[in-house]
Amino acid sequence: MKAFSSLLDRLVLTPARNGKIRLLKDYFRDVPDPDRGYGLAAITRDLEFRMVKPAMLRGLMAERIDEELFRLSYDYVGDMAETISLLWEGDGGEDIRLCDIVDILQKVSRIDAPAVMVDLLNRFGASERYALLKLATGGLRIGVSARLAKQALAGFGSVEVTEIEELWHGLEAPYETLFAWLEGRADKPEQAALSPFRPVMLASPLDEASLEEMQPVDFAAEWKWDGIRVQTTSEGGERRIYSRTGDDISRAFPDVVAHMGFEGSLDGELLVVREGVVGSFSDLQQRLNRKTVSKKKMEEFPAFIRAYDLLQDGDENLRPLPFAERRGRLETFVGSLSDARFDVSELIKFNDWSALAEMRASPPEAVIEGLMLKRWDSVYVPGRPKGPWFKWKKDPYIIDAVLMYAQRGHGKRSSFYSDYTFGVWTPEGALVPVGKAYFGFTDQELKEIDKFVRDNTVERFGPVRSVRAEADFGLVFEVAFEGLNRSSRHKSGVAMRFPRISRLRWDKPPGEADRIEALEAMLG
Amino acid sequence: MKADELLHPRPEGLYCPVGDFFIDPVRPVERALITHGHADHARAGHGHVMATQQTLDIMGLRYGADFAGAVQAAEGQVNVGGVVVSFHPAGHVLGSAQIRVEHKGMRIVAAGDYKRGVDPTAATFEPVPCDVFITEATFGLPVFRHPDPLEEIGKLLTSRAQFPERAHLVGVYALGKAQRVLRLIRDAGYGDVIYLHGALAKLCDYYVHEGIELGPLAPATVDKGLKDQFAGRIILGPPSAFAAKWAQRFPDPLIAFASGWMQIRARTRQRGVELPLVISDHADWRELTDTLEELNPDEVWVTHGREEALVRWCELQGMAARPLHLVGYEDEAE
Chain A
8 MKAFSSLLDR LVLTPARNGK IRLLKDYFRD VPDPDRGYGL AAITRDLEFR MVKPAMLRGL
68 MAERIDEELF RLSYDYVGDM AETISLLWEG DGGEDIRLCD IVDILQKVSR IDAPAVMVDL
128 LNRFGASERY ALLKLATGGL RIGVSARLAK QALAGFGSVE VTEIEELWHG LEAPYETLFA
188 WLEGRADKPE QAALSPFRPV MLASPLDEAS LEEMQPVDFA AEWKWDGIRV QTTSEGGERR
248 IYSRTGDDIS RAFPDVVAHM GFEGSLDGEL LVVREGVVGS FSDLQQRLNR KTVSKKKMEE
308 FPAFIRAYDL LQDGDENLRP LPFAERRGRL ETFVGSLSDA RFDVSELIKF NDWSALAEMR
368 ASPPEAVIEG LMLKRWDSVY VPGRPKGPWF KWKKDPYIID AVLMYAQRGH GKRSSFYSDY
428 TFGVWTPEGA LVPVGKAYFG FTDQELKEID KFVRDNTVER FGPVRSVRAE ADFGLVFEVA
488 FEGLNRSSRH KSGVAMRFPR ISRLRWDKPP GEADRIEALE AMLG
Chain B
6 MKADELLHPR PEGLYCPVGD FFIDPVRPVE RALITHGHAD HARAGHGHVM ATQQTLDIMG
66 LRYGADFAGA VQAAEGQVNV GGVVVSFHPA GHVLGSAQIR VEHKGMRIVA AGDYKRGVDP
126 TAATFEPVPC DVFITEATFG LPVFRHPDPL EEIGKLLTSR AQFPERAHLV GVYALGKAQR
186 VLRLIRDAGY GDVIYLHGAL AKLCDYYVHE GIELGPLAPA TVDKGLKDQF AGRIILGPPS
246 AFAAKWAQRF PDPLIAFASG WMQIRARTRQ RGVELPLVIS DHADWRELTD TLEELNPDEV
306 WVTHGREEAL VRWCELQGMA ARPLHLVGYE DEAE
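Residue numbers (the numbering used here), protein chains in the order written: chain A, 8 to 531; chain B, 6 to 339.
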């Protein structure tokens, strides 16, 4: 438990992705089976216990400490598990194996839970108590995604992350066969589960200059829809919807799952579609990142799959076939499915690149992000191979905005003002913030902006500084972004998607930056 | 004599009307008795200052030799305007003292900042019997329990091994914490050069002069063309410097902070600290309450910090206590 609790303590405070991966790899290296597997499952939240409730813990504290002192402490700390871990008497100092803790928490009944918790809390120090309380109450949120954990595993075993993704859904905590393989002590575990995830094939951004060497006849073109890429798989009655990184998101989409009465695996785009009309990405967001979904949401925002590819048809693995062949099979396959939930992504006919470029410039629907180009002869392989598939995105939206606030970054950037809030002018002649960006500039530019922020600070609020921003003095950013949504949470009423600084406009007086009306016009 | 007549708060600080002096006044006064050299307790510009020799030395280093009209090193019992005054070690930082005042049988000890844990860089706290004990309450909540400082230093050394390409920047206050952390790092067996921000140099030199070995130290200046010379190195500096341009010279800095506040995760996150080291020069809750139990004074006055909880604890023990609302001491001081 000591190794696990110190891992948690470090992970929550480590901002850098690579730092987190290193901490995880070291943990996998230093901690024996089955503890490391349970630690991993706890972090990816595949291991949860529900027998211990906050009210029960409050009750335990009421027997141990004056109510007033408890209240003062909790007010100060702001987190129940942390407060209890620090208030609990004694320094325990015992180190109990995580697998034993898991065993205890799995078996305990609600009636025995208080006594069991008291015993464990007594035996631990504060840091382990905190980890125990978070684990037992299901409140372990430490900013490590399943994706990141899989990357750490891949790094630990020097294998491709797609290999981990492919295996993941056949595995269970404590993952001993997986670790044995990653350490070279055993063969790769067999994927025996029904409806496993099949690692996704991704496209590279198109460099327009290379079009000259590409033959239009070699490529199929499709619209690139602004939804989320998913894999819908149904085998032997097991129906699953996976995100492109292999997270199982089926539970949030029962409306789609209900219509997955097929044997096979489809690659496609998850969209909100009402009577044939594709909803915006913000419509789709109403359905994302949820564990469950209400009937009302499903009626208001019906989920839909626009199929791009067929990976598995019954017993047959189609991935080694060329795209042209898969595409034919796909059309037949989807033809038999409910057209209220599934259709096939349309192929765009074109003769030369300039004709395609024109279509890209004026797509038929606003929710189209650009084009996809796929070689007719491409087989379906995991990852992002260079050559067979390209994404040719619409040009981003561009506005000129004025730097208003700057915040210090983390890690490498902890002494740089590197996170910027920028705004545009209102009709009243004031600036209203419209977005935040922290990349898009070079290290050299970062230094220049940092100096500008330090030299022109108006006010400080902790790590944030407000910066001089007047009509004739200030710093203008050219900001590129992918789309704009209405937002009631922002004062400006708009929220940008994927904003980044595309250019520094030292030459431009802030008075000439864009006005909010320009953004409102983009909302349509 | 009533305790209030011997000492009571005034805007300038704790005042003794009988002896006409202040303890740790926050603005210039004619006569000041000073517990220790931290800036919120020891200010320049008093007419006459009495403190331990080490505190006087430290004030001289910080403010220049002419920081007061006249100075007097505290030794033994001294009569100040009819009040018997003596200084006793507080265990907080080098030179720190509790101040005991006695008049007509009334004994008050103003402890200043103190701690009870072992610290080779400060003389150990001496329990002084008294009628009224004035305690600090910087960490006056039962959630504050400072762990073994050597274990905390172990976290720093582990991180260094785990991230050998990153410069490890440890935030420390210039007086006391810097030297204690250096001493702890040495006690943990680390012998390499440790690099210092310029603001720490003078006081580290002074500690060494006073016989506290700190091992090899060097200024944290960059040699041209050697950007990576700080990879895997330990650098100490005041926390404010980490947000300044000064810190931009280090490769992928990992920010640590040695402070009692680091016990609370939200505080750690707020400050952007990646590696919290819970090392404090103040008494934690256990030390505070143990000290009160040990001294068992007739009355406890609680000052700077979380007075409310400590007063509540005294109430539960049946010990007379009240908060002493002194202004000007920094809540953040550590």
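Hints listed in this document are in silico derivations from the structure and should not be mistaken for laboratory results. For every residue, glycine included, the Cβ atom is placed at its ideal position computed from N, Cα and C. Honestly, I wouldn't trust all of these hints.
[Said to hold, decoys possible] Computed list of lysine-lysine pairs in DSS-like fashion (alpha-carbon distance at most 27 Å, straight line):
{"#": "1", "chain 1": "B", "residue 1": "250", "chain 2": "A", "residue 2": "443"}
{"#": "2", "chain 1": "B", "residue 1": "109", "chain 2": "A", "residue 2": "419"}
{"#": "3", "chain 1": "B", "residue 1": "160", "chain 2": "A", "residue 2": "9"}
{"#": "4", "chain 1": "A", "residue 1": "356", "chain 2": "A", "residue 2": "393"}
{"#": "5", "chain 1": "A", "residue 1": "114", "chain 2": "A", "residue 2": "9"}
[Unchecked claim] Sample of chain A residues with no beta-carbon within 12 Å of chain B, all distances over it, derived:
{"#": "6", "residue": "356"}
{"#": "7", "residue": "405"}
{"#": "8", "residue": "414"}
Now for the hints, and whether the structure bears them out:
no.	hint	in the structure
1	B:250 - A:443	holds (23 Å)
2	B:109 - A:419	violated (62 Å)
3	B:160 - A:9	holds (13 Å)
4	A:356 - A:393	holds (24 Å)
5	A:114 - A:9	holds (22 Å)
6	356	holds (51 Å)
7	405	holds (30 Å)
8	414	violated (10 Å)
Hint compliance for this structure: hints 2 and 8 are not met, and every other hint is.
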